[in-house]
Each structure stands twice: as C-alpha cells, then as structure tokens.
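Novice: Heads up: the sequence lines are chains A and B, in that order. Position 12 (the first sequence) corresponds to 11 in numbering that gives the first Met the number 0; numbering is contiguous. Position 63 (the second sequence) corresponds to 62 in numbering that gives the first Met the number 0; numbering is contiguous.
Be aware that a few hints might be false.
Any copy, or any two copies together, can satisfy a pair, since identical chains are not distinguished.
Only pairs whose alpha carbons sit at most 30 Å apart, straight line, appear in this in silico DSS-like list of lysine-lysine [stated by the list, open to error]:
id : residue 1 : residue 2
1  : 31        : 195
2  : 136       : 330
3  : 195       : 330
4  : 10        : 355
5  : 10        : 252
6  : 252       : 31
7  : 252       : 330
8  : 21        : 10
9  : 191       : 10
10 : 13        : 349
11 : 371       : 342
12 : 195       : 21
13 : 355       : 330
14 : 330       : 10
Hints are computed from structural coordinates only; laboratory data are not their basis. The structure presented is a predicted model; accordingly, all values stated were derived computationally and were not measured.
Number of protein chains: 2
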Amino acid sequence: MDSTYAIEQHKKFKGKLSTGLKVPLDSIDDLKVYYTPGVADPCKLIAEEEDARVARAEPGSHVNRETDALYATTIKNNTVAVVTDGSAVLGLGNIGARAGLPVMEGKCALFKKFADVDAFPICIDSQDVDEIVRTVKLIAPVFGGINLEDIAAPRCFEVERRLQQELDIPVFHDDQHGTATIVLAGLYNALKVVGKELSTLKIAMSGAGAAGIAIADLLMAAGAKDIILVDSKGIIAEDRADMNDEKILYARKTNPRGIRGDMSDAMQGADMFIGVSKAGVINGDMVKTMAPNAIVFAMANPIPEIMPDEAHAAGAMVCGIFRGALDNRVKLITIDMQIQAAKNLAALVKDPTAEKIIPGVFEPGVSAEVAKAVK
Amino acid sequence: MDSTYAIEQHKKFKGKLSTGLKVPLDSIDDLKVYYTPGVADPCKLIAEEEDARVARAEPGSHVNRETDALYATTIKNNTVAVVTDGSAVLGLGNIGARAGLPVMEGKCALFKKFADVDAFPICIDSQDVDEIVRTVKLIAPVFGGINLEDIAAPRCFEVERRLQQELDIPVFHDDQHGTATIVLAGLYNALKVVGKELSTLKIAMSGAGAAGIAIADLLMAAGAKDIILVDSKGIIAEDRADMNDEKILYARKTNPRGIRGDMSDAMQGADMFIGVSKAGVINGDMVKTMAPNAIVFAMANPIPEIMPDEAHAAGAMVCGIFRGALDNRVKLITIDMQIQAAKNLAALVKDPTAEKIIPGVFEPGVSAEVAKAVK
C-alpha cells in the first residue's frame, strides 16, 4: 500500500469517529425530557445515591462513587476511555499525544465495530506518571472502563497499577494484556499443532517492555515455567547491570536455567520464540538452533514482519474484554479472566494448523466469546 | 411532567450519547488503512509537522502544536469537549462531576442535533482551579474547542481566562457567554418592541455570578451604560463589604448612578430586569415601580420561572458558535463575535413582539446564522 493512501483516506473522512444520539431530540417536548428541565431529575437521583454512600461510609475511608443511578441513566454503562500519552505508539515510538490520535481513534472505532462499546480517545499531553494518573482519575466519572494504550514501559506498569488501586472501574493496558491474551490464545492452538505442553515449553522472548512483561506474566500464570526475556542489552539475568526495578523483578521470576548472553543464546533449544521488540532481532541461523517443531510468533509492529491479521484479532479481542467488563460491572479484569478469554478465543478455531491458530477478526463470535470470559 | 418520567426515559435509552464510525471497517483491507499498519502514516505526518514547528520556534517560546495535519486527519476538526466540575449544575448547585453528567450529555446531544458538532462530556472530579485548568490542558490534543459548562463563579472566570491564555483552541464558558449572547439577542428585539435604545437603558440585574457578570460585560460592550448588579447581599457598589475580587471590579464598572440598597431599590425606574439568580427575588410590587414599557427577562433555571424555550434556543446558539469556530479555526471567540451572533439571531425574528423575541430552537437557520458570526 502506498504510504500516501492512508493519509488521503484519513483526510477524506476527516477522522474516524463521530458522536450520535441515543434519544429522540425532535421536538420541544423531547428537549424538556432530555435537556432542561427534565434532565435535572436523573442528576438529582445520582447526587442522592452518591450522597447516601458518603453518609454511610466510615470517615476517611474510600467511597465508591460509581452508583447504580449513574450507570442506569448515563453513558457510563457503555463508555470506555482509550488513553495514551503518545510515548510508544505502534512501532513509531515516542511521537506525543497529538500524533498518537489517529491510532486512538482507530482503536475506538474497533470498539464500536466489534463490541458496540462507545469508546473515546483521551490523548494526554504529559508523560509524567503522576500527571497521567491524576488526569485519568479526574476524568473517570464519565467512563465505565479505562483502556490504556501505547504507553511506554516502565511508566505503563505504575500508571496501570495505581489506577487499578484508586479507581472503581476496570483499567487495562492494551499493549500489555491485550497482546498477552492473544499470544496465549495463539499458543494454546499452536501447542495442539506441535504436540507440546505449556508446562515444559522453553520460551525465548525478544522484548522486555510493556508487552513482553505482560506476556511473561500471563504465560507463567497459565502454567509456563521456562521463559527467557531478552532486551536490547541481552538476556535478563540476576547478575546483569543496566536494569530498571521491573527488570530486576523479572530476572528473578524468569530464566530458571540461568542462561546468560544474547538473543542467539536464548534461542538455542527453545521451543518457542516470541518477538515483541523490533524486526530483525532474529535470523534464520538462530531459528535453526531451536528445538524441533518450534513455534515462532514475530509480532513487531508496524514494521515489515508485522502480522496485521493477528493485530486486528487482538484489537477485537480487547473490545470483547471490555464488553464483558461493562456488561458485568467488573471492577478489575483479572489474569484468570484473561486466561479464560484466551481459551475461548482459541476454541473458535476448530482445527488449528500452522497457518491458522487465531480466528479472523471478522469471524463471528470473536468479541462475544471473549466477553463471556469476563464475569 | 412527572419527575419520574425523565428518569425512566434516561434509563430506557441508557444515556443520550453514542459513538459512530466515519470510515468503513468492513474488511481486512479497511483495517489495514484505518488501523494497523496504515494508521501509522497520518501519525508520522502529524509528528513531522509538530516537530518542524518546535524546530522553528525560538527556544523557550510558546509553540502552537495544533497542526494542519492534525486537523486534516483526525476528529479534532469537529470535536468539542463539554467540560464541567459539577459545581453549578442547572439550578441544582454543587452536585459534583458524576451527577452533572446527564446535563453534559444533553449539551453534547444538542451540539450534534443543532450543529453537527461531535461533542463529548468531560466531568472533572475536582473543584480546584489549578487541577481543572491542568486537566483540560492535558486532554486538549483531541479537541478543536472547549465548552465550559456549569462551573461556579468566581472559579469559572479564572478557569476560562487561564485556558484561553494557555491553549491554542477556543475556550467558551457557556453559562457566561452563551447566556449573555441569548440575552443580548432577545434584548435587540425587545428594544424594537418597546421603542427604547440600549445606550440609555436602565438595567437591574439579579445575580452577579457567572452569567450575570458575562451579561453585564456583553451588554456594556454592545453599548449599555447603566447596569445595576444585585447579589444575595444587595446592590454591588464600591463601598460595600463582602465582595470577591471580581465583584470589586464590577462595582467600579457598573452602577454609574451610585444606587445603594437591595433589589427593590435597583428596580425603581429600571427599563429592564434580568434575573439569573433564583426564582422569587422580584415580585409584582417591584415590577410596578419600573419605568413604563419595562422589559423583564426572568431566567432562573430550572425552577418554576424557567423559560425552557429560551434555554433551548441558547443551547442551540452556543452550538452554532462552536460550529463557526471549528469551520474557521478561530483560536478565540471574541466579544465582537458574540455581539454579531446576537444580531444574527435577533434578525431571524422578522416581526418581534412581546411574546416572540427569540427564534424557536427548531426554526431553520438558528445554528447556521450564529455560525456565520464567528469568523
């Protein structure tokens, strides 16, 4: 595809998202119900329920202000914020809040298309953890969930952790857990194809950023025991220098055989390669040193090795996770829900083959089956 | 109307606003243009134009990051944030960010219905000026304009002033300037009905909050010279105590005849009464002391005296102001634009009478004629 074509199409439509009306506004009588003076009644109902919660709470304790009245009478019940700071947009890196907007609109469009969730882009013009957390907290009243998107590691870990602690709506970092869940779904089917077990699989991963760490977490929660993480400076190991707190933690949790060295060392004898850094980190010679029937998931994005079909399926899958979260008013999307979502997604492919381990994004049931996992 | 009816209708539709797609997303090829990998191209274009502006700017100087590429390829060109802190919602007072959401959704719905502007509610869970300003600045990348709504005085003055200084998109406090513009529009036609001149009109106003101050400003800019502001403690005058900085300023700018006392003193001999505080501040005896052919605009909202038709017309008018601002990429909505908008709106009523000085909200041209004033 010509690189100017996508720009021309974006210009033609002037962006990808609009708003629409869920209520009739065709007469003065309609305005009197949905605008002034009728709109005062749901306002009062929400305020009363919130005030009652505050009155019942122990002084100084946390009050969950997300009331039933709020969910029942406003868009909160179906609305998700797609939040970025523009620091790790696709494979483009730190391009800032404004340049990240086309991607956030695109993700919001997927939410609408694949899960009928109303999502809206929030591009935060700051890359300071405290400011990002504070901003999301302050605008949270409108939203039923927060989808963090394209925020660089290690900042993304703290942003997500703090928001999950401080908000009473689900917070989910797409690049971490969306990617991890689609990898696990694909892996469940790949294991069937190659006849191997997750518990004995030797996994070499290129990339220890947002996606890599989350994939490691999810795969270990699902039963994987031997994962080697490799970043731009080599294999993550306990005695290595140049590591942030997150990596020091994962040096302990991964690499059980204590392998040292670089990507080629990690690849020797590996049953699986997962690439979530950039293209070109492995080559054919390295792949030849892997175990027989090796599984290769190369997912650098959006450079040549990209697998857009899988990226699209991952996008639709995340929409399904939020569909389930909204429908069930869950406050936290747990790792068990992600494992179940991966299983449901994998099960949609009746006879997995090397060429087909993930359902196509337009195949029926992708979003709905994933939504069922979140309860 | 039964007070439960509006609640039932809000519950039936589960809120008033949805999102929609402006682009086709019906095939993998569509996804490759509007999501990955095609979406990277407009992202890069925006980042390049922004980087070039930064490179050209004097070190340390303000850089306008709202690029042509951003307006051309994203929803920024048609999207307005409807921002509240929930501190002065309708006549309900300080009910908070969440309870204010039904009103903000309603205003967003008006934007769509009457001006085809895509507006989205931002309900900020803080009533601290610095936090409100900072939050709006940080989420501004997505928006082509900021409509402040239902923020209490005097906080609203500083919030608006600072945002206008610091952002390169228009910022407009609806309760101040929207109300003021509709009052001026109505007044232009009322003056024709009673055969009086704005420059010699004696005006008594109940309410010196957000709306009252803005009405005084706009009417004086349009030529009014004799306005008396009355708040809950009496007439605003230079020697009165109990006044915030804003009121001290207006004690100097208004009340040229130096009247002292309460509402009944302000009403004696007045040609016009404007009520933007609460119902019941004037009575029939006071009205009898006004000049012959007096004009009475009682606009407390949403208590019995409410004039919902005028409130609806005001809502549609503000949508028109933003329509014009977006179409012409204006960075500031000036008081001259508001005066012109009021004139255009007034001119839509061909033969004004005591009963008909403002066009009905569903009459053709309301939003379009107002939009023409903003250039």
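Novice: When the hints from earlier in the document are held up against this structure, which numbers fail?
Specialist: Result: hints 1, 3, 4, 5, 6, 9, 10, 12 and 13 break, sorted rising.
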